[in-house]
Amino acid sequence: MEQNQPKNYLVESILVTIFCCQPFGIAGIVFASQVNSKYASGDYEGAKKASENAKKWMKWGIITGLLIFILSMVFVFALGGLAILGGGNF
Amino acid sequence: MKLKYIGMLLLAIVLAFLYFFINPSEVSFLPKCPLYITTGIYCPGCGSQRATHQLLNFNILGVFQQNALFVLGLVIIGYHFLISGINYFFKKKLYNYIYHPKTPIVLLILIIVFWILRNIPYYPFSLLAPK
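Going down the list, the sequences are from chains A and B. As numbered in numbering that gives the first Met the number 0, the first sequence has no gaps in its residue numbers, which increase by one up to the final residue, 89. As numbered in numbering that gives the first Met the number 0, the second sequence has no gaps in its residue numbers, which increase by one up to the final residue, 130.
Careful: at least some of the hints might be erroneous.
Unchecked claim - Think about it this way: if two alpha-carbon atoms lie no more than 35 angstroms apart in a straight line, the pair counts; the simulated DSBU-like pairs of lysine-lysine are:
#1 B/K92 / B/K3
#2 A/K58 / A/K6
#3 B/K101 / A/K48
#4 B/K31 / A/K54
#5 B/K91 / A/K58
#6 B/K91 / A/K6
#7 A/K48 / A/K58
#8 A/K58 / B/K31
#9 A/K58 / B/K1
#10 A/K54 / B/K130
#11 B/K1 / A/K54
#12 B/K91 / B/K101
#13 B/K91 / B/K1
#14 B/K91 / A/K55
#15 A/K48 / B/K92
#16 B/K1 / B/K90
#17 B/K91 / A/K54
#18 B/K90 / A/K47
#19 B/K1 / B/K92
#20 B/K101 / A/K47
#21 B/K1 / A/K48
#22 A/K47 / B/K1
#23 B/K101 / B/K130
#24 B/K31 / B/K92
#25 B/K31 / A/K6
#26 B/K3 / A/K55
#27 A/K54 / B/K92
#28 B/K91 / B/K31
#29 B/K92 / A/K55
#30 A/K47 / B/K130
#31 A/K6 / B/K92
#32 A/K48 / B/K130
#33 A/K6 / B/K3
Keep in mind the hints are simulated off the structure, nothing from the lab.
Take the sequences, apply the hints, and build the full model.
Listed below in structure tokens is the structure:
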């Protein structure tokens, strides 16, 4: 019985790695590699499990990235964070 | 499911406008990399906001200066969408190397080597650090 390879979320994980939250993205890439290698060796169940893990890490990467972005915007515009930071460009 | 894609598209358009008009090197309200703030270490993604600005203004050299990995990421994403687009619209079965067992490992090694090299504060490695 031929089954399709589960989605490996490699592209999404790379996006997460390059744009934010590297630990999540790197975990995603590790699981993506497991999806590919397990599927290649015929372990369909293992590949599916790795795919779910990759998706989970990728999702948390995107969520934390957006959170950091939104929180820092709120910090700066609503709370006057620039004054707290002394307006320094760091 | 459809709503999710529309939301993502809207977000992408808003961000594209934001990063087209605002140069992150000149303003201080955009978020800084949490790793860089806390430890002073550049991560593999440091400089990608500035690189996005350079890319949207068609300054390819500027993209390389900020984050060389950004270019590789764009190429991979472009490749993936090209292959899956061709397979979807033309009912072809081209092999997508994203699903090759070796691809993620090679990328992982590339990212980690890039991460280490860009934190070495001497020429020529300092070229890899964001400006």
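Unsatisfied constraints (hint numbers, rising): 24, 28, 30 and 32
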